[in-house]
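Chemist: Residue numbers for the sequence shown follow the working numbering, so the first one is 1 and each next one is one higher.
No lab work stands behind these hints, which were simulated from the structure alone.
Hints may be right or wrong, so weigh each one.
[To be verified] Dumping the calculated EDC-like pairs for lysine to aspartate or glutamate here, alpha-carbon to alpha-carbon at most 16 Å:
{"#": "1", "residue 1": "Lys-196", "residue 2": "Asp-236"}
{"#": "2", "residue 1": "Lys-373", "residue 2": "Asp-194"}
{"#": "3", "residue 1": "Lys-244", "residue 2": "Glu-228"}
{"#": "4", "residue 1": "Lys-342", "residue 2": "Asp-364"}
{"#": "5", "residue 1": "Lys-112", "residue 2": "Glu-156"}
{"#": "6", "residue 1": "Lys-396", "residue 2": "Glu-261"}
{"#": "7", "residue 1": "Lys-342", "residue 2": "Glu-260"}
{"#": "8", "residue 1": "Lys-225", "residue 2": "Glu-260"}
{"#": "9", "residue 1": "Lys-342", "residue 2": "Glu-228"}
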Amino acid sequence: MRRLVLVMGILCLMIITIAVTVGCAAPQPTPTPPPPTQAPAVATKAPSAAPQPTAAPPAAPKATAPAAKAPAATPTKVADQPLSPPVVVKAGVTGSVVDAGFYIPYDRGYFKEQGLDVELVNFASGSLMPPPLGTGQLDVGAGGINAGLFNMIAREIPLRIVADKTHAEPGNKALGFLVRKDLLDSGAIKTPADLKGKVVAMGTAASGSENELVTLLAQGGLTIKDIEIKTMGFSDVAVAFANKSVDFAFAFEPNVTTAEEKGGAVMWKPSHDIIPYHEQSIVLYGPAFIEKKFEAAKRFMVAYLKGIRDYNDAMFKNKGKDAIIAMISKYSTQADPAVLRKLYPQPINPDGYIYLQSIQSDVDYFTKAGHIKYPVNLKEAIDNRFVDYAIERLGKYQ
């Protein structure tokens, strides 16, 4: 009996040992993977601070010379998909010839290619655009260089200068100082010193053209106190020359050609001869456009550069000129194509950059004359990010 119990105990021990061994050798079941976690929301990167603009070169042989150093163009042009849904952008125009940078991309669909639904808003003057730009009623505008603009930028409305709209260049007669032809022919006016006691027609005070006038007079050892200034609209200059109520005047196209043909005036001192590459009109972005529609603001500049490159091809290389003139005639207040063909073409930088040195000259003059009430930081006022982006997409102008 005791032997039977011993045998049974040994058998039970063997069975338990085998079971444990098998259990240890059995592969463990693969655990069920946890469900994938939701990717964390990626915050939209805030626009970086505007890069410091590079000063313009002291001289350049042609319109394509950059005003500020651009990043090297990528070997392969980058094409972006249009924004979807399209972003509404309101851009201000005055009907001038140099609004071509807005008219051409509008007519040729360049804005739509970028996913922009652009509405062109007409203004009687560029000076009326800053207030709606500041409140967000207008996204893109343009204007001349004047003290009022910089007072707004410095204190009231943080507008940003983002691109060239027109400037002076060597040999170009589209803007500058005209003189009565009879005074030039008679020798009454030969040098700036001969302007003493003469009457000049000028547009708005505290402007870039006033800086040119003061600089011109200084070349002859004169000041504003040595002449008489008559303030008038640029379209009235030709009549003033014709009735000899003024001796010289600042003007730009189409008023230059009109004064030469109907007023007995001639271009005497082009703007570039006074202040090299002097900026006359610039493109402005409103603060809300940059903050709330940053991607659209970049895309707008791509379309704008495509438009002004078409303009440069037409006006300075005679490529597709008839089509561009017809387009400008269609949208601008200068509706006669025959007149447009006779005008001196106004330079617009096809790479978009601002000529910083000329604007610095204006700011220095405005400050010295007491026209600017608050310090102006041009590093903040000029924002090259949008032109940089467009150059990366399009490459440099050829």
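Chemist: Now look at each hint and say whether the structure bears it out.
Modeler: Okay, the hints, checked on the actual structure:
Between Lys-196 and Asp-236 the alpha-carbon distance is near 23 Å, which puts this suggested pair outside the 16 Å criterion. Taking the CA atoms of Lys-373 and Asp-194, the gap is about 34 Å. The hint is violated against a cut of 16 Å. The hinted pair formed by Lys-244 and Glu-228 meets the criterion: a straight-line CA distance of about 14 Å does not exceed 16 Å. Taking the CA atoms of Lys-342 and Asp-364, the gap is near 36 Å; set against the 16 Å cutoff, the hint is violated.
Restraint check: the Cα-Cα separation between Lys-112 and Glu-156 comes to about 33 Å, which exceeds 16 Å; the hinted pair is violated. At roughly 38 Å between alpha-carbon atoms, Lys-396 and Glu-261 are farther apart than 16 Å, so this suggested pair is violated. A threshold of 16 Å between alpha carbons decides the hint, and for Lys-342 with Glu-260 the separation of about 11 Å falls inside it, so the pair holds. Proposed proximity of Lys-225 and Glu-260 is contradicted: the alpha carbons are some 28 Å apart, above 16 Å.
As the CA atoms of Lys-342 and Glu-228 are separated by approximately 32 Å, the hinted pair breaks the 16 Å bound.
When held up to the earlier numbered hints, the structure conflicts with 1, 2, 4, 5, 6, 8, 9 and fits the remainder.
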